[in-house]
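Undergrad: These protein sequences, in sequence, are chains A and B.
Each residue of the first sequence is one higher than the one before, counting from 3 in the working numbering.
Each residue of the second sequence is one higher than the one before, counting from 3 in the working numbering.
If you're looking for bench data, these hints aren't it; they were derived computationally from the structure.
There's no promise every hint is true.
[Said to hold, decoys possible] Beta-carbon label-pair distances, calculated as ranges:
(1) Thr-108/B / Glu-103/A: 46 to 54 Å
(2) Gly-75/A / Arg-11/B: 54 to 62 Å
(3) Gly-86/B / Asp-79/A: 36 to 44 Å
Cβ coordinates follow ideal geometry from the N, Cα and C atoms, glycine included.
As a plain string of letters, each chain reads:
2 protein chains.
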Amino acid sequence: MPAPSSDLRDGTARDRYCPAMTKDHPSAPTSKEEIVLRLFDLFRHAGYEGVSIGDISQATGLGRSSLYHYFPGGKADMANVVVGFAKVWLDAHVLAPLRREVPLETRIDAMLAAVHRFYRGGAAPCLVASMLLSRGRDPVDADVGGLIRDWIDTLTQSLEREGSSKAEAAERATAAIVGIEGALIVAQAVERLDIFEKALGEARKTLLDRG
Amino acid sequence: MPAPSSDLRDGTARDRYCPAMTKDHPSAPTSKEEIVLRLFDLFRHAGYEGVSIGDISQATGLGRSSLYHYFPGGKADMANVVVGFAKVWLDAHVLAPLRREVPLETRIDAMLAAVHRFYRGGAAPCLVASMLLSRGRDPVDADVGGLIRDWIDTLTQSLEREGSSKAEAAERATAAIVGIEGALIVAQAVERLDIFEKALGEARKTLLDRG
DNA sequence: GTCTATATAGGGATAGAC
DNA sequence: GTCTATCCCTATATAGAC
Chain A
3 MPAPSSDLRD GTARDRYCPA MTKDHPSAPT SKEEIVLRLF DLFRHAGYEG
53 VSIGDISQAT GLGRSSLYHY FPGGKADMAN VVVGFAKVWL DAHVLAPLRR
103 EVPLETRIDA MLAAVHRFYR GGAAPCLVAS MLLSRGRDPV DADVGGLIRD
153 WIDTLTQSLE REGSSKAEAA ERATAAIVGI EGALIVAQAV ERLDIFEKAL
203 GEARKTLLDR G
Chain B
3 MPAPSSDLRD GTARDRYCPA MTKDHPSAPT SKEEIVLRLF DLFRHAGYEG
53 VSIGDISQAT GLGRSSLYHY FPGGKADMAN VVVGFAKVWL DAHVLAPLRR
103 EVPLETRIDA MLAAVHRFYR GGAAPCLVAS MLLSRGRDPV DADVGGLIRD
153 WIDTLTQSLE REGSSKAEAA ERATAAIVGI EGALIVAQAV ERLDIFEKAL
203 GEARKTLLDR G
């Protein structure tokens, strides 16, 4: 498995040079945020149990000692930080636009653009789906399901502001997210990214239809 | 993680008593099909890397030696057999009804009933989604994505017989399966099985709407 | 077929020097 | 902060007796 870059960096993240970069990983490691981004990519692709410290060391270019320096709690710590990062990123880029005081269409399109970026056009799996697999067997205590819950809730509230009843808004919000999550699975299973693109379009229709 | 029964047994599977049943697992093991059913449950819930031989031994009540007797190829062998089982079950219970010469509504309802049973009303994850996680890193050579591909193709053909164009039939078939797969993820993430039930209803509408 | 015992590798994690 | 070396546990898999 290669270690693709997430391209989820914020403008605020000024990369700094890291002298530790040495051997058999694709490119130089950088800031702590960059490290977290690579961890995020690993966990979303392989789940908690599917990622080894060796994988992480290779993907980041950091030795074991460095990793345990940044994450004293070990692998569980890393996973929790990754979930926290996802929560922050989701809130900043996907949910925040939904709370703005702009037309519904503008809000939805902003959300969908962020979603497209977040999942790399359907090429990157959902962290929640990947981390759900080991729930109950792993030492990760972060609330992964809460990411989906927050997303549904915020989207529901955004639709309610347009006059929909709470029940109908919740139904549409849920349906849209169900379609996105399902498209990620199916697109990867049959290796057809157009399925994800199509699903985003369907979600848009679901959310805007006589909004 | 408990070891729930799949309730996917065929009528043809006559359970036979197995003397090896001994210690700390929920109920007596039985035929080889019963063993595969338990493996299926383990892999769908935890993925390939998330299941250990110890887990399997406990869930089946079989010692390591017995497991390697039934599956000489070890864990990879077990996973491949499980994927093969899923393929056979899917074909027999989900796809076969779609090929029958009965009204479309009858075909779709038969498929949905089987799907409901297959996923235990949304409580059981999709094997494909779980096994996709380790693809490329594990020794499983079975084509897990092929399960989804076959499903889409058979459903598409079933819709085409009703006069839909191939393109539209494929779109609807894909959308229905996307909704089902997504509902499994979301339902488990937010722990609301009604989301899965609702998704089956939506799939039905998608597939039958002016079919 | 199943058991006990074991081989071998890889996992996560830590110690202590630098 | 990073390195080297190491500890300890678990994992898969096998051998050989019954």
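Undergrad: All hints are to be evaluated individually against the structure, with a verdict given for each.
TA: Structure-based check of all given hints:
1. Thr-108/B / Glu-103/A: 46 to 54 Å: 50 Å, holds
2. Gly-75/A / Arg-11/B: 54 to 62 Å: Violated, at about 44 Å.
3. Gly-86/B / Asp-79/A: 36 to 44 Å: Taking Cβ atoms as reference, Gly-86/B and Asp-79/A lie about 39 Å apart, which means the hint holds.
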